[in-house]
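2 protein chains.
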Amino acid sequence: MSREMVVRIGLLGFGTIGSSVYRLIEKEHDNILDGTGVDLQVVKVLEQDSRKIPQDAAPGVFTADFSEIADDPSIDIVVEVIGGTDWAYTFLDEAMRKGKNVVTANKQLLASKGRALFDLARDLRRHLRFEASVAGAIPIIKVMRESMIAAELHTVYGIVNGTTNYILTRMYNGEGDYPEILAKAQELGYAEAEPTADVGGGDAAAKMAILGSIAFHSRVTLSDVAYEGIQDVSQEDVRYAKDLGFVVKLIGAARLVDGRVSVRVYPALLPQEHPLAAISGSHNAVFLQGESIGEIMLMGPGAGGVPTATAVVSDIVSIANTKDVGFLQSCSCYRSLDFYPADEMESAFFIKVNVEDRSGVLAQIAAVFGTHGVSVASLIQKGQGDEAELVLITHPTKEKNFFAAIEQVRRLPSCKNEPMTLRVL
Amino acid sequence: MSREMVVRIGLLGFGTIGSSVYRLIEKEHDNILDGTGVDLQVVKVLEQDSRKIPQDAAPGVFTADFSEIADDPSIDIVVEVIGGTDWAYTFLDEAMRKGKNVVTANKQLLASKGRALFDLARDLRRHLRFEASVAGAIPIIKVMRESMIAAELHTVYGIVNGTTNYILTRMYNGEGDYPEILAKAQELGYAEAEPTADVGGGDAAAKMAILGSIAFHSRVTLSDVAYEGIQDVSQEDVRYAKDLGFVVKLIGAARLVDGRVSVRVYPALLPQEHPLAAISGSHNAVFLQGESIGEIMLMGPGAGGVPTATAVVSDIVSIANTKDVGFLQSCSCYRSLDFYPADEMESAFFIKVNVEDRSGVLAQIAAVFGTHGVSVASLIQKGQGDEAELVLITHPTKEKNFFAAIEQVRRLPSCKNEPMTLRVL
Numbered sequence: 103m104s105r106e107m108v109v110r111i112g113l114l115g116f117g118t119i120g121s122s123v124y125r126l127i128e129k130e131h132d133n134i135l136d137g138t139g140v141d142l143q144v145v146k147v148l149e150q151d152s153r154k155i156p157q158d159a160a161p162g163v164f165t166a167d168f169s170e171i172a173d174d175p176s177i178d179i180v181v182e183v184i185g186g187t188d189w190a191y192t193f194l195d196e197a198m199r200k201g202k203n204v205v206t207a208n209k210q211l212l213a214s215k216g217r218a219l220f221d222l223a224r225d226l227r228r229h230l231r232f233e234a235s236v237a238g239a240i241p242i243i244k245v246m247r248e249s250m251i252a253a254e255l256h257t258v259y260g261i262v263n264g265t266t267n268y269i270l271t272r273m274y275n276g277e278g279d280y281p282e283i284l285a286k287a288q289e290l291g292y293a294e295a296e297p298t299a300d301v302g303g304g305d306a307a308a309k310m311a312i313l314g315s316i317a318f319h320s321r322v323t324l325s326d327v328a329y330e331g332i333q334d335v336s337q338e339d340v341r342y343a344k345d346l347g348f349v350v351k352l353i354g355a356a357r358l359v360d361g362r363v364s365v366r367v368y369p370a371l372l373p374q375e376h377p378l379a380a381i382s383g384s385h386n387a388v389f390l391q392g393e394s395i396g397e398i399m400l401m402g403p404g405a406g407g408v409p410t411a412t413a414v415v416s417d418i419v420s421i422a423n424t425k426d427v428g429f430l431q432s433c434s435c436y437r438s439l440d441f442y443p444a445d446e447m448e449s450a451f452f453i454k455v456n457v458e459d460r461s462g463v464l465a466q467i468a469a470v471f472g473t474h475g476v477s478v479a480s481l482i483q484k485g486q487g488d489e490a491e492l493v494l495i496t497h498p499t500k501e502k503n504f505f506a507a508i509e510q511v512r513r514l515p516s517c518k519n520e521p522m523t524l525r526v527l
Numbered sequence: 103m104s105r106e107m108v109v110r111i112g113l114l115g116f117g118t119i120g121s122s123v124y125r126l127i128e129k130e131h132d133n134i135l136d137g138t139g140v141d142l143q144v145v146k147v148l149e150q151d152s153r154k155i156p157q158d159a160a161p162g163v164f165t166a167d168f169s170e171i172a173d174d175p176s177i178d179i180v181v182e183v184i185g186g187t188d189w190a191y192t193f194l195d196e197a198m199r200k201g202k203n204v205v206t207a208n209k210q211l212l213a214s215k216g217r218a219l220f221d222l223a224r225d226l227r228r229h230l231r232f233e234a235s236v237a238g239a240i241p242i243i244k245v246m247r248e249s250m251i252a253a254e255l256h257t258v259y260g261i262v263n264g265t266t267n268y269i270l271t272r273m274y275n276g277e278g279d280y281p282e283i284l285a286k287a288q289e290l291g292y293a294e295a296e297p298t299a300d301v302g303g304g305d306a307a308a309k310m311a312i313l314g315s316i317a318f319h320s321r322v323t324l325s326d327v328a329y330e331g332i333q334d335v336s337q338e339d340v341r342y343a344k345d346l347g348f349v350v351k352l353i354g355a356a357r358l359v360d361g362r363v364s365v366r367v368y369p370a371l372l373p374q375e376h377p378l379a380a381i382s383g384s385h386n387a388v389f390l391q392g393e394s395i396g397e398i399m400l401m402g403p404g405a406g407g408v409p410t411a412t413a414v415v416s417d418i419v420s421i422a423n424t425k426d427v428g429f430l431q432s433c434s435c436y437r438s439l440d441f442y443p444a445d446e447m448e449s450a451f452f453i454k455v456n457v458e459d460r461s462g463v464l465a466q467i468a469a470v471f472g473t474h475g476v477s478v479a480s481l482i483q484k485g486q487g488d489e490a491e492l493v494l495i496t497h498p499t500k501e502k503n504f505f506a507a508i509e510q511v512r513r514l515p516s517c518k519n520e521p522m523t524l525r526v527l
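Line order of the protein sequences matches chains Y and S.
My numbering numbers the first residue of the first sequence as 103 and each following residue consecutively.
My numbering numbers the first residue of the second sequence as 103 and each following residue consecutively.
The reader is advised that the hints may include incorrect statements.
For identical chains, the list gives no copy identity; a pair is met inside one copy or between any two copies.
Straight-line distance between alpha carbons at most 20 Å, and here's what the computed SDA-like set of lysine to any residue pairs gives [said to hold, decoys possible]:
id, residue 1, residue 2
1, Lys129, Glu393
2, Lys129, His256
3, Lys484, Glu294
4, Lys129, Gly396
5, Lys454, Phe220
6, Lys129, Glu254
7, Lys129, Arg437
8, Lys484, Ser438
For the record, the hints were derived by calculation from the structure and aren't laboratory data.
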């Protein structure tokens, strides 16, 4: 290395990720210095909970007072890993105003208040980096921002929530039904005691808002993302899907359609040959399609303190090595696109419904579908006493037509339960 | 964007990749300017073959004289996509000496003469970028150099040759034997008329030399890589492997073992659940393992003019946005590690051999294996008249012990043909 560059870091939060960042920088300090010329020094750590302060901490490093970091002119970069959207926002705002570049792992913050933070970063010419906010150790932000420059991305599919992928993988393997596997996942620490953000799709939605913003250079906030979770997916649905050659995954889908953006999260059937179908357990993956690149997929650990810390560290070193020309500093949203109406989107669907087991019922349902322009690609019918269970896969159709057809099917006297519907990717 | 930066490019070569770079910059010029503030201008193109010059080329852009590029002080970046290791070397050397940063897609050049070029780049403080040299559009170089900074990589497995992966995928699907599928691949343009570099493993070896150098920060040249091709893999081998739950792939394996480096290329059996097993057709993929990251995989198109051009363009923009601190400028090999002797490496093996079909023969072979400390994990035996075909998978063992055992097996009078052996990953 020709020249060493000391980078002094203020770390906000010493939970799972914060302590991993601290330890990783300690452990890899010399390798990073040898490899990049950057001499990383964590000089201050903000942590309110004094029980978390490690015994080997040098005196004066840990503080409960943010101003000790904000007002220390020797600190170059502030790393925010406290989570939440209130204090985190206040701290990042103040840090940038006081001359610091910032790194955050906070997806909820970026997906809800990203615009204000990115605007501030642009105005003040600060770096705002966020590799760790989506998909943990997978460097999807860097790849999309720096390597997909000429890719003309039009589609981003993500398996960006490890908890739901773990649950769905176990359901696919026939290891139990949803409530049972969720309980096991909670026991093993793969799911939170309050699992709603994960199983309900909100966590994935925040991440997809970030990925959608980067992919299409147009701001997507959490409130722009329609999302559904996996709570209503049964082991039986998963098994039927498997019989038909599909895997059920919680999919984030960001698409550019006719110059408009659509970002959604829902459980969906994927053909078993799809690269995302092979992503099992708590792994994350992001699948990119673009005119110039065809398709590219990245997969890896989507969570965990140490893997996520590697993303934070790469952001820090990246800031130290980037010229101040605007591009990698802050926001990549240089345009403002409209959103595509959800019910105008096209999708194929999986339907499971119980009907009276008598002749003519199938014809009746087929007629309803036909009226709405929905055509059936494959069908399983199983007798069960007086009732038959129908499982259908449709060809792609406008969603509003499909749901109009389903509304009519559910009102048929021969329809015996609430039809279960899932999209097919 | 706060400020625009004009980047003037001299392009060496107007073949498949060169013309794709030219067209991609033309097509994406405004998007790149909006997204990055970089105003890309291809001002000179070196091409000896005047028939390749497009009719819409502006006068004075195409030249057959390299000095028009080297001696033009307004050119910032020289992009080398002519291939070969002689002129390409001379041109890159001269371009750097004349003040230009350089981008190359030339794996053979880097794997054979990389050290001299990287040393020159370091001494002159020039950027030497090479994203397109390995795995086409997959941004594996950027990810390894910039995102895996704290990953402590110890293993890199690559499917980095699309031709062989295409052939092996078709063999796996039972579409024919090796010569037949190779002929079809040649017909369809998936394989060269002279396919040796691809099917013999040399192309993959050059790429793995590059990936190994980056992963372990220690120079690996092509001559350090032991490589084998897929010419001797039969449809029957692939079918037996499939029956045992494996997929056969041409694998590049770069490993750091006890502080020493091993880089090799060979056809190997992968468990069907391995993420690399799902990489089909002409796709490439690189699978990274490291202490801090667990495992990460990238997959995508490994070749093709336009996908490869996206990698070249991202290199150009990356140069325009990187501070001159040494780290991303040139070589990442800051240490010099020894190589691990191949025959000391451990591997599991697949063996297929014909033997006399009489009692005692299996015991004889098992005894030979036992003497050399090779233990059998699974076995298929099929009678065929006077002969039986044995297919075995061993547990991992030192390769020299395994090959000593095989040498002894082949000399047994009951052994009827040359044993076929393949490694198991």
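Against the structure, the hints:
no. : hint            : result
1   : Lys129 / Glu393 : between (42 Å within a copy, 12 Å between copies)
2   : Lys129 / His256 : between (40 Å within a copy, 16 Å between copies)
3   : Lys484 / Glu294 : neither (37 Å within a copy, 52 Å between copies)
4   : Lys129 / Gly396 : between (39 Å within a copy, 17 Å between copies)
5   : Lys454 / Phe220 : neither (45 Å within a copy, 61 Å between copies)
6   : Lys129 / Glu254 : between (39 Å within a copy, 10 Å between copies)
7   : Lys129 / Arg437 : between (42 Å within a copy, 18 Å between copies)
8   : Lys484 / Ser438 : neither (50 Å within a copy, 66 Å between copies)
Hints 3, 5 and 8 from the earlier list are contradicted by this structure; the remaining hints agree with it.
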